[in-house]
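Per this note's numbering, the sequence shown starts with residue 869, numbered consecutively.
Errors might be hidden in some of the hints.
Derived lysine-lysine pairs resembling DSBU-like cross-links, with alpha carbons at most 30 Å apart [said to hold, decoys possible]: (1) 1216 to 1003; (2) 999 to 1314; (3) 1003 to 1015; (4) 953 to 999; (5) 1296 to 1144; (6) 1248 to 975; (7) 1136 to 1314; (8) 1265 to 1026; (9) 945 to 1216; (10) 1306 to 1116; (11) 1186 to 946; (12) 1296 to 1106; (13) 1136 to 1011; (14) 1057 to 1135; (15) 946 to 1265; (16) 1296 to 1136; (17) 1030 to 999; (18) 1136 to 1114; (19) 1265 to 1030; (20) 945 to 1192; (21) 999 to 1114; (22) 946 to 1292; (23) 1216 to 1015; (24) 1265 to 1015; (25) 1026 to 945; (26) 1248 to 1060; (27) 953 to 975; (28) 975 to 1026; (29) 1314 to 1123; (30) 1030 to 1248; (31) 1219 to 1015; (32) 999 to 945; (33) 1135 to 1060; (34) 1003 to 945; (35) 1011 to 1265; (36) 945 to 1011; (37) 1030 to 1114; (38) 1015 to 1026; (39) 1057 to 1184.
Simulated from the structure, these hints should not be mistaken for laboratory data.
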Amino acid sequence: MHSKSSTFRPHRAVTAVAALLAGALALSACSSSDDDKEGTGKKPGATTGSTVTLPKLDGARLEVAAVWTGGEQANFKKVLAEFEKRTGASVTFVPAQDPIINFLGSKIAGGQPPDVALLPQPGAIKQAVQKGWAKPLGAEAVKELAKNYSQGWQDIGKVDGKQYGAYYKAANKSLIWYNTQVFENAGAKEPKTWQELLTASQAVYDSGVTPFSVAGADGWPLTDWFENIYLSQAGPEKYDQLAQHKIKWTDPSVKRALTTLAELWGKKDYLAGGQKGALQTEFPQSVTQTFTGGDQPKSAMVYEGDFVQVNIGETKSKVGTDAKVFPFPAVGDSAPVVSGGDAAVILKDSKAAQALVTFLASPDAATIQAGLGGYLSPNKNVPLTAYPNEVQRKIAKALVEAGDDFRFDMSDQAPQAFGGTPGKGEWKDLQDFLRNPKDVAGAQAKLERDAAAAYGNGG
869 MHSKSSTFRP
879 HRAVTAVAAL
889 LAGALALSAC
899 SSSDDDKEGT
909 GKKPGATTGS
919 TVTLPKLDGA
929 RLEVAAVWTG
939 GEQANFKKVL
949 AEFEKRTGAS
959 VTFVPAQDPI
969 INFLGSKIAG
979 GQPPDVALLP
989 QPGAIKQAVQ
999 KGWAKPLGAE
1009 AVKELAKNYS
1019 QGWQDIGKVD
1029 GKQYGAYYKA
1039 ANKSLIWYNT
1049 QVFENAGAKE
1059 PKTWQELLTA
1069 SQAVYDSGVT
1079 PFSVAGADGW
1089 PLTDWFENIY
1099 LSQAGPEKYD
1109 QLAQHKIKWT
1119 DPSVKRALTT
1129 LAELWGKKDY
1139 LAGGQKGALQ
1149 TEFPQSVTQT
1159 FTGGDQPKSA
1169 MVYEGDFVQV
1179 NIGETKSKVG
1189 TDAKVFPFPA
1199 VGDSAPVVSG
1209 GDAAVILKDS
1219 KAAQALVTFL
1229 ASPDAATIQA
1239 GLGGYLSPNK
1249 NVPLTAYPNE
1259 VQRKIAKALV
1269 EAGDDFRFDM
1279 SDQAPQAFGG
1289 TPGKGEWKDL
1299 QDFLRNPKDV
1309 AGAQAKLERD
1319 AAAAYGNGG
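Based on the provided sequences and hints, a complete structural model is requested.
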């Protein structure tokens, strides 16, 4: 019940998408995200050429909550400013904490829910509907979604067949970013298989640089590591079953994936700071330390989604030249395509709230943020030229061309208590596994215990 993505049928196209992405990223280009930021960032802000009709909302006030911080929040505020300009409404951004469901719960209990919230998990959308908080999207927003999104992206915003979420932001979570200089010095090649990744890691290690930064202080990147290995090795059907807890975490397929993961996580010398250091490394630092320090950075590679570009942007390294990327290597028959995303959900129904979600479902809103970098839209009508560099254009193209043939982040489909809470459930269990990667059976037992409690079933 938890996974709407079980309606996505695995086709051979998954492999084709991975191949497309591999070919695309091999062409990693050299335009820096700064060069044409002005050109792409400003055009969409103009009221001319708007694709969506919005009502006049003079005097209307809206609050929008999301967990975004830093550059991501600043860029989203520019999108909200365009909505204000077009409608006359006034919009306030409310910074939320993870898990956002708990944050919203306290706001609702206090009688002050935001009008719209960006929810980062299908599991959270389902909970918001079950609690009676979320309001269905109106005809205009639904029409906009039908026009701009593949069926798969529409479906993961539905609960019991009704549309509650509009996916404004997506993530391609099957990418490994690397320091070009280190790879060149080590004579390492971009790997296409897990075995080749281990070979490249050894070459990097032999050249005097630690292969990987792992953001162990944050639990969520660890779940993403697991999901890519599991999807590639166990296959899409098993992935859907585990996502819905139709098979147990004690299943042999999970043992196999954790054992594979331990081939990297179990090598202390392959992790910046060893297992202990990794557990103290937060996500932004895992990225920046890979792209600072000249030809002796703290690590050569960092695994995470396309949004890593925002963090690389805080260093002197340029995406496409100093910082390149390759698709997560195939562990099984084909390379994985794992996606994540944030959906706009209405908590206080009004003409203004519906208009905002309609705007967020349009190419107009996404095109503005695309031009600012570090953002990916599942909206197929956002022009690729809106993205500020060639790497980002290729990643966006691959995501859109995947159509329905992708798998949504597994932990994001789970109940929040298991898949989305710091220091609890899967996040904590995988942190414990990173601490002691030899204990595969112990990790499986903990994961199953926590999953059974959260899903309220025995598997």
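Below or equal to 30 Å on CA atoms is what counts here, so check residue 953 against residue 975. Since the Cα atoms of residue 953 and residue 975 sit roughly 28 Å apart, the hinted pair holds (cutoff 30 Å).
Satisfaction of hint between residue 1248 and residue 1030, Cα-Cα up to 30 Å: holds (22 Å)
Given the hint that residue 1219 pairs with residue 1015, does the C-alpha gap stay at or below 30 Å? Measuring from Cα to Cα gives roughly 21 Å; hence the hint holds.
Given pair status - residue 1184, residue 1057, alpha carbons within 30 Å: holds (23 Å)
Taking only the CA atoms, is the gap from residue 1248 to residue 1060 under or equal to 30 Å? Holds, at roughly 27 Å.
Holds or violated: residue 945 to residue 1011, with C-alpha atoms at most 30 Å apart: Roughly 25 Å between the alpha carbons, so the hint for residue 945 and residue 1011 holds.
For the pair we were handed, residue 1314 and residue 1123, check the Cα-Cα distance against 30 Å. Holds, at about 13 Å.
If you draw a straight line from the CA of residue 945 to the CA of residue 1216, is it 30 Å or shorter? The hint holds at about 20 Å.
Under the criterion that the straight-line Cα-Cα distance not exceed 30 Å, is the pair residue 1057, residue 1135 satisfied? With a Cα-Cα distance of about 20 Å, the restraint between residue 1057 and residue 1135 holds, given a limit of 30 Å.
Proposed proximity, residue 1192 with residue 945 (alpha carbon, max 30 Å): holds (29 Å)
Is the hinted pair residue 1015 and residue 1026 satisfied, with a Cα-Cα distance of at most 30 Å? Roughly 16 Å between the alpha carbons, so the hint for residue 1015 and residue 1026 holds.
Within a Cα-Cα threshold of 30 Å, do residue 1265 and residue 1026 meet the stated pairing? Holds, at roughly 24 Å.
In summary, the structure is inconsistent with hints 4, 6, 13, 18, 22 from the numbered list given earlier, while agreeing with the others.
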